[in-house]
Amino acid sequence: RIMRPDDANIAGNVHGGTILKMIEEAGAIISTRHCNSQAEEPCVAALARVERTDFLSPMCIGEVANVSAEITYTSRHSVEVQVNVMSENILTGAKKLTNKATLWYVPLSLKNVNKVLEVPPIQYTRKEQEDEGKKRYEEQKLDRLETKQRNGEVIFPVINPEPHTVGYSQSSLIHLVGPSDCTLLDFVHGGVTMKLMDEVAGIVAARHCKTNIVTASVDAINFHEKIKKGCVITISGRMTFTSNKSMEIEVFVDADPFLDEPRERYRAVSAFFTYVSLSKEGKPLPVPQLLTETEDEKRRFEEGKGRYLQTKAKRQAQMQQAAQ
Amino acid sequence: RIMRPDDANIAGNVHGGTILKMIEEAGAIISTRHCNSQAEEPCVAALARVERTDFLSPMCIGEVANVSAEITYTSRHSVEVQVNVMSENILTGAKKLTNKATLWYVPLSLKNVNKVLEVPPIQYTRKEQEDEGKKRYEEQKLDRLETKQRNGEVIFPVINPEPHTVGYSQSSLIHLVGPSDCTLLDFVHGGVTMKLMDEVAGIVAARHCKTNIVTASVDAINFHEKIKKGCVITISGRMTFTSNKSMEIEVFVDADPFLDEPRERYRAVSAFFTYVSLSKEGKPLPVPQLLTETEDEKRRFEEGKGRYLQTKAKRQAQMQQAAQ
Amino acid sequence: RIMRPDDANIAGNVHGGTILKMIEEAGAIISTRHCNSQAEEPCVAALARVERTDFLSPMCIGEVANVSAEITYTSRHSVEVQVNVMSENILTGAKKLTNKATLWYVPLSLKNVNKVLEVPPIQYTRKEQEDEGKKRYEEQKLDRLETKQRNGEVIFPVINPEPHTVGYSQSSLIHLVGPSDCTLLDFVHGGVTMKLMDEVAGIVAARHCKTNIVTASVDAINFHEKIKKGCVITISGRMTFTSNKSMEIEVFVDADPFLDEPRERYRAVSAFFTYVSLSKEGKPLPVPQLLTETEDEKRRFEEGKGRYLQTKAKRQAQMQQAAQ
Numbered sequence: 001r002i003m004r005p006d007d008a009n010i011a012g013n014v015h016g017g018t019i020l021k022m023i024e025e026a027g028a029i030i031s032t033r034h035c036n037s038q039a040e041e042p043c044v045a046a047l048a049r050v051e052r053t054d055f056l057s058p059m060c061i062g063e064v065a066n067v068s069a070e071i072t073y074t075s076r077h078s079v080e081v082q083v084n085v086m087s088e089n090i091l092t093g094a095k096k097l098t099n100k101a102t103l104w105y106v107p108l109s110l111k112n113v114n115k116v117l118e119v120p121p122i123q124y125t126r127k128e129q130e131d132e133g134k135k136r137y138e139e140q141k142l143d144r145l146e147t148k149q150r151n152g153e154v155i156f157p158v159i160n161p162e163p164h165t166v167g168y169s170q171s172s173l174i175h176l177v178g179p180s181d182c183t184l185l186d187f188v189h190g191g192v193t194m195k196l197m198d199e200v201a202g203i204v205a206a207r208h209c210k211t212n213i214v215t216a217s218v219d220a221i222n223f224h225e226k227i228k229k230g231c232v233i234t235i236s237g238r239m240t241f242t243s244n245k246s247m248e249i250e251v252f253v254d255a256d257p258f259l260d261e262p263r264e265r266y267r268a269v270s271a272f273f274t275y276v277s278l279s280k281e282g283k284p285l286p287v288p289q290l291l292t293e294t295e296d297e298k299r300r301f302e303e304g305k306g307r308y309l310q311t312k313a314k315r316q317a318q319m320q321q322a323a324q
Numbered sequence: 001r002i003m004r005p006d007d008a009n010i011a012g013n014v015h016g017g018t019i020l021k022m023i024e025e026a027g028a029i030i031s032t033r034h035c036n037s038q039a040e041e042p043c044v045a046a047l048a049r050v051e052r053t054d055f056l057s058p059m060c061i062g063e064v065a066n067v068s069a070e071i072t073y074t075s076r077h078s079v080e081v082q083v084n085v086m087s088e089n090i091l092t093g094a095k096k097l098t099n100k101a102t103l104w105y106v107p108l109s110l111k112n113v114n115k116v117l118e119v120p121p122i123q124y125t126r127k128e129q130e131d132e133g134k135k136r137y138e139e140q141k142l143d144r145l146e147t148k149q150r151n152g153e154v155i156f157p158v159i160n161p162e163p164h165t166v167g168y169s170q171s172s173l174i175h176l177v178g179p180s181d182c183t184l185l186d187f188v189h190g191g192v193t194m195k196l197m198d199e200v201a202g203i204v205a206a207r208h209c210k211t212n213i214v215t216a217s218v219d220a221i222n223f224h225e226k227i228k229k230g231c232v233i234t235i236s237g238r239m240t241f242t243s244n245k246s247m248e249i250e251v252f253v254d255a256d257p258f259l260d261e262p263r264e265r266y267r268a269v270s271a272f273f274t275y276v277s278l279s280k281e282g283k284p285l286p287v288p289q290l291l292t293e294t295e296d297e298k299r300r301f302e303e304g305k306g307r308y309l310q311t312k313a314k315r316q317a318q319m320q321q322a323a324q
Numbered sequence: 001r002i003m004r005p006d007d008a009n010i011a012g013n014v015h016g017g018t019i020l021k022m023i024e025e026a027g028a029i030i031s032t033r034h035c036n037s038q039a040e041e042p043c044v045a046a047l048a049r050v051e052r053t054d055f056l057s058p059m060c061i062g063e064v065a066n067v068s069a070e071i072t073y074t075s076r077h078s079v080e081v082q083v084n085v086m087s088e089n090i091l092t093g094a095k096k097l098t099n100k101a102t103l104w105y106v107p108l109s110l111k112n113v114n115k116v117l118e119v120p121p122i123q124y125t126r127k128e129q130e131d132e133g134k135k136r137y138e139e140q141k142l143d144r145l146e147t148k149q150r151n152g153e154v155i156f157p158v159i160n161p162e163p164h165t166v167g168y169s170q171s172s173l174i175h176l177v178g179p180s181d182c183t184l185l186d187f188v189h190g191g192v193t194m195k196l197m198d199e200v201a202g203i204v205a206a207r208h209c210k211t212n213i214v215t216a217s218v219d220a221i222n223f224h225e226k227i228k229k230g231c232v233i234t235i236s237g238r239m240t241f242t243s244n245k246s247m248e249i250e251v252f253v254d255a256d257p258f259l260d261e262p263r264e265r266y267r268a269v270s271a272f273f274t275y276v277s278l279s280k281e282g283k284p285l286p287v288p289q290l291l292t293e294t295e296d297e298k299r300r301f302e303e304g305k306g307r308y309l310q311t312k313a314k315r316q317a318q319m320q321q322a323a324q
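Residue numbers (my numbering), protein chains in the order written: chain A, 1 to 324; chain B, 1 to 324; chain C, 1 to 324.
These are computed hints drawn from the structure, not numbers from a lab.
Fair warning: this is a prediction, and the values are worked out from it, not measured in the lab.
Check before you lean on any hint, since a few could be wrong.
One copy or two, either will do: identical chains are not told apart, so a pair holds if it fits within one copy or between any two.
Listed next, the in silico EDC-like pairs over lysine to aspartate or glutamate satisfying Cα-Cα at most 16 Å (straight line) [as the list claims (entries may be wrong)]:
1. K312 with D54
2. K127 with D186
3. K115 with E128
4. K228 with E264
5. K245 with E118
6. K134 with E146
7. K111 with E132
8. K312 with E41
9. K210 with E88
10. K141 with D54
11. K229 with D256
12. K210 with D256
13. K229 with D6
14. K305 with E40
15. K312 with D219
16. K115 with D186
17. K141 with E297
18. K314 with E162
19. K115 with E41
20. K298 with E41
21. K100 with E70
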């Protein structure tokens, strides 16, 4: 579809959140279709996890987004989908790869939303494809367990914060989950949640550096729990780390099912977003350093630095491999 | 994309206008891409006409719409696009043809919106394709000239109308044209206009028969004039004819460019929509007969009857041909 | 959240209606949450009234709206919420108070929409807070009864009106109430209604003075009756009064529940909006005087003048108080 002014920031760059939402919709369609192809009973595929995603080149208003999706692995209860997004300038015909994402879905019964169904196996053209898929499956399973433990932190508001501190740019957004945010099972589309997360992260980044900012990448996102229609969700973001030219923002989604008496507020999703600041010509700008004050902030900064260096090392390894 | 509650009426049937909007977006993308492929200068394809379209089977919430578009003819200054819409139930895998539409686009220069550019010719696999396309081109050209003369009528409001009269169900809607309604050239997408036209026609039909109604077909729509960003558009609908099981509604679109002082309000588009009334089981219901009061209403009723009988005869001829 | 192009007019000023919608969403969340905190049964807070609201400074595209809400009084069956909106320019860091609003909500049972539940009392830090709240409660109750009687007028269309007459700028808009306009109880969010009312008032104001216009204030709005999903609502606006630099527009909302046979069309909401005309530099411009023709128009003009002078006097008294 054609990108509209509402999909983009003032400088005309399409929000990362809009792209994540399109990716998730494509993933949900292909995996729901697959899981119903040999179905015991009708089901809907629910997003369980999105792997780390890089935004390779910004998309602009007026360009057409071409989204293609393919199922690359199936375990007994989950489906791995690979989605590619190309931006196409229909005036010049130029096409660019914007985004490559890997998503994991789980089929839930249409009759009983708590019942996970079995996934029909796919055919692999080569044995290695299955083995590699299995390895990815095991890795993400382990990572999901770990994140679950990291959760539970809360963002406290700060009065009169100094510029460039964590408290200065932290932000949160409250949203009442309505019918058009939801799937057939009346819980929120993963893509809707990701779009709101990107919106909060973008506000945090813009408050910190006061320039035009764009999403550079999103760390793996785990969807721990479903969010039901009628919940109030709070999406909170705080900056955790800055390198010379990038900012890392941690985003939490907490759901408050206030109509369901016994249920307490719970952490539904969390993730790290990386943003860069762009000049008017689209070149990356230096970013003001994040001032850490408390012990926790210093610890999170170091952890962020660890993730940053790890990603950098991985990318250099890939480039060397590609160059050989 | 997946059909959402917002795309549908209370009974879960997707609005004809939503489908028309998707069709037009697909048509605009493919024809803009084609017209820029050998371009002297960058251009945007603007919708000039939509041929008569039948809604073959209703689409429902939760189904996926698959839209495919193909260029079938090019004249010197216009492109004919054929768009097919399939509805797919991803739970059962069932697919149905919802809609087949033919649209005509004209390339307008990005630098000068009033300059119509030349269209690169397409290659035909068979000579007959070109000849048939040329015939369709000449026919629609003639029809466009005729409609231009038919225009200019205004809908006068009626105080305390009787049920089932024309005045009883006539409705109008005003809309302020915002940025996300518009193309790169800052005039309204044809699809946005068609969606609003279907919305008014649906309200007229529902007021008349007070049941669940769905779009059955849309007559050829001609886009006489562009509508610019910032205009207020008034979309008015009145019932012109009822058969036993269908209603014909005439819809006008008038644009009021109130920020451009010298320009008067003008007629931008007009068309006839046909609606049917459905029972809870999805079967067509009888429709209350339209009560005509004035001479003009009686004349329009007879004209509507003429169109109805002509369409009926054409369909029977096609079925006989198909049966042979 | 960040203000987008669709939230604003062509000059980039965010529509008053968009701000009213955000205010109402915040109010609905905080009061629904409060009413469910010690609930006999689950409920949803429905908007009953919005007190007079001034738009202190325009908000622009790209700015972030910070909305904060607090419960300031509870009666047995209603909740008073105070909502503040700050606009923040995240590039400069500048913050401005845009709006302060007071809203009244009533908790309706989720099982039976016609049953009003009891509100858990709040704790006041000082006795005067409770007394002042009670006074505000009594005042608004009285005012609501009065407005109910004032209602019932209809806007008659005028053929070929002269510029600057009432008939020249009067406008109306119909809207079919869809799922995303509605709360969990399937009636329209108050904020959605207010946004449509502001849209009509804005079109009336723009037609009258043909310049860039913005909402300056909204009179108290009473929500007399709920509007159900599937209704067609007609929102009509007519100018009632002009001062040198402001226009007062009366807006009615009538609901037509055409699928519920026995129910007649009814008046659901009415209010007065005040608009000002702005130059390109954002300075208030003189407004063409409204030409009144009929006795009713002259009477309404005088009534509007009364409201204008009263508000002016009140504001001057406040400024003197503040200066002391």
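Report the numbers of all earlier hints that the structure fails to satisfy, in ascending order.
2, 3, 5, 6, 7, 8, 10, 14, 17, 18, 20
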